[in-house]
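A.B. asks: One-letter residues, chain by chain:
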Amino acid sequence: MRILLIEDDSEAAAYMAKGLREAGHVVDHAATGTDGLFLATSERWDAMIIDRMLPGLDGLAIIQALRAAGNTTPVLVLSALGKVDDRVRGLKAGGDDYLVKPYAFAELLARIEALSRRVSSTQPETRLKVEDLEMDLLARTVTRGGQEIDLQPREFRLLEYLMRHGGQVVTRTMLLENVWEYHFDPQTNLIDVHISRLRQKVDKDFELPLIHTVRGAGYTLRAAR
Amino acid sequence: MRPASLLRTTTFRLALSYLGIFTVSAIALLALVSWSTSMFIEWQVQETVEAEATGLSEVYHSRELGGLAEIIGSRMRQDVEGRNTYLLMGHSGHILAGNIKSWPAEVSSQVGWVRFRLLQLGSVGPGVEVLAQVYELADGYRLLVGRSLADAKRVKSAINRALGWGLALTILLGVVGGYFTSRHLLQRVEEMSRTARRIFGGDMSQRMQLSGTDDEFDSLADSFNEMMDELERLLEGIRTVSDNIAHDLRTPLNRLRSRIDLVLLGAPDCEGYRRTLEETLADADHLLATFNAILTISHAEAAARLDRFEVIDPATLAGDVAELYEPLAEEKGLQLHCRADGGLTLKVDRHLLFQALANLVDNAVKYTPAGGEVSVTVEGGPSSVAVSVADSGPGIPEESREAVLERFVRLDATRSTPGNGLGLSLVQAVARLHSARLSLEDNQPGLVVRLEFPVTDRQA
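Listed in order, the protein sequences are those of chains A and B.
Quick note: the first sequence uses full-length UniProt numbering, first residue 1, plus one each step.
Quick note: the second sequence uses full-length UniProt numbering, first residue 1, plus one each step.
Any given hint could turn out to be false.
[To be verified] Simulated restraints on C-beta separations: (1) B:V311 <-> A:L208: 43 to 49 Å; (2) A:Y161 <-> B:R233: 39 to 45 Å; (3) A:Y161 <-> B:D229: 43 to 49 Å; (4) A:L208 <-> B:G333: 29 to 35 Å.
[As the list claims (entries may be wrong)] Stretches of chain A that chain B covers, calculated by requiring three or more beta carbons in the stretch to come under 8 Å of a beta carbon on chain B: (5) 125–135; (6) 175–186.
If you are wondering where the hints come from, they were derived from the structure by calculation, not from laboratory data.
Just so you know, even glycine gets a beta-carbon here, dropped at the ideal spot from N, CA and C.
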């Protein structure tokens with residue numbers, strides 16, 4: 001992916017750019033809001049990471065300018081402001097996702113990759129398929145190798161989210177936000193317990209495990225490499 | 001109090017301007033009274049003169065000039081105080097009867113109502129004013145019947161004097177009253193600003209005095225005191241946080257530092273570095289989680305904008321929390337139930353309330369031994385909705401229940417379990433944000449934490 005990074009803190013920018021490049025992405029960096037807006041409009045990007053507080057031009061103002069110009073490139077807003085109000089304001093300005101500082105790099109990477117996927121699958125899907133695991137979104141049934149798997153409603157949504165982001169890393173926070181729809185901070189290994197339950201149903205009787213734990217980051221659903 | 005400062009106060013200026021308006025209207029009123037009184041008195045004199053003149057004219061008609069002169073003579077004798085004036089005079093100037101020596105010069109040729117000054121015997125002053133009626137009789141005779149206005153003048157001036165004194169007294173009372181009223185008000189305002197000065201001088205325990213009369217100053221003082229209580233609580237909270245940050249965060253930060261220090265002291269060892277970095281990352285994450293918890297609490301305590309509140313069904317929220325924790329409870333060998341009354345609504349910050357309930361269930365699951373039971377209950381009362389989390393664990397001794405709500409407080413028995421001691425403080429902050437009552441009770445055995453939300457705007 002070609003990613004534009006607009007961030008004024010050079011150390012944070014270097015850290016992010018290094019990580020993203022190691023993950024196989026092409027990264028360009030702008031240190032001020034005005035440079036960022038110029039770069040954002042002059043070239044095509046697959047995704048942008050924009051810090052909220054920037055010299056020159058505020059991050060939200062850049063996003064608003066881009067959206068007003070019809071630019072639909074997915075944007076991840078980075079900010080030290082983490083209250084629900086702030087998130088809402090960031091998303092209302094046209095951001096696609098919101099990440100609060102300080103963050104783990106794995107979280108940033110997972111979110112930016114999830115963002116690019118969101119755009120490419122705008123078509124309403126009725127069936128999801130990863131290997132021999134199939135999900136019928138209309139009938140709300142899940143089968144694996146032709147064998148029906150009985151899931152609780154929440155387990156169904158958890159698996160659906162994992163399947164929609166098949167092959168990508170999904171973090172615990174992303175799961176909480178998207179499956180449970182609450183912004184909160186569990187102190188315990190809550191999500192892991194839910195995943196291990198799901199894993200019992202999806203992987204237990206099959207040779208090929210699909211749900212994998214990514215150490216220090218989260219989970220991913222894919223055929224083992 | 002210096003009088004100069006009193007004169008500058010709003011109350012005193014207000015009192016003065018009221019006094020001014022009042023004085024002007026009092027003067028107008030008194031002038032009217034004085035004028036109408038004098039009119040009335042003169043009218044009375046006029047009546048008397050007219051009655052006298054009518055009587056005399058009747059005598060003149062029946063008994064001619066001689067009889068008239070005779071009657072005048074007898075009337076004069078009756079009038080010992082000399083209030084009346086009579087004069088019957090011929091055309092050549094000779095006097096037939098009367099108690100004045102000559103026709104007054106000022107009214108020599110007038111007929112009808114006249115007014116003149118009469119010099120009394122032996123007096124040097126301007127004399128007495130007389131109101132009189134003059135008649136032309138036959139053969140050039142003229143009759144003057146009058147009455148002295150001296151009495152009327154005396155009454156008038158007595159009334160005017162009384163009115164004047166009344167006015168002076170009114171103004172005096174107004175000034176004195178205004179002075180004392182404004183001094184009284186000023187004293188209370190002064191007292192309040194003295195208290196305020198003492199407070200920002202650093203004595204946070206100062207409070208406004210109430211006079212006990214339940215007046216507007218008392219209600220102002222009351223609101224101020226309430227504000228001060230809240231402020232003091234918040235400041236105390238900040239102080240406790242900084243103390244506790246110093247205490248609770250310094251330890252892990254120091255551990256982090258010495259871990260890095262130690263590994264740098266040793267021989268370069270790639271695997272060792274890696275392990276240390278991983279441990280350091282875990283420490284940093286724990287520190288961040290603690291900071292996040294502190295920030296969430298501050299956010300709740302700062303009473304964030306209430307327009308972010310949304311109407312929710314507490315049963316759904318409680319169900320979501322229970323569902324989220326159900327696998328964890330099961331893993332620990334606990335029963336987790338959710339019993340919720342349907343059809344209720346609450347206006348809350350959904351995310352914060354979820355976090356608060358999650359903290360409670362988290363605690364309950366953490367401290368209840370295997371085989372125990374945890375239940376989340378939502379009950380709708382007539383005026384409140386109670387959300388409670390109960391467990392069958394060891395509970396909290398009554399004397400420690402207050403203490404566990406403080407930030408970073410962890411009972412000695414739980415020091416070794418993971419957590420930062422912020423869970424219940426967050427619950428309390430969330431309760432306060434929603435004006436909910438938080439109570440910790442004995443579940444016999446175990447603990448019940450109950451959040452009681454007042455329902456005032458169920459339709460909202």
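A.B. asks: Determine for every hint whether it applies to the structure shown.
C.D. replies: Verification of the supplied hints:
no., hint, verdict
1, B:V311 <-> A:L208: 43 to 49 Å, "holds (46 Å)"
2, A:Y161 <-> B:R233: 39 to 45 Å, "holds (42 Å)"
3, A:Y161 <-> B:D229: 43 to 49 Å, "holds (47 Å)"
4, A:L208 <-> B:G333: 29 to 35 Å, "holds (32 Å)"
5, 125–135, "violated (count 0)"
6, 175–186, "holds (count 6)"
Taken one by one, the earlier hints fail for this structure only at number 5.
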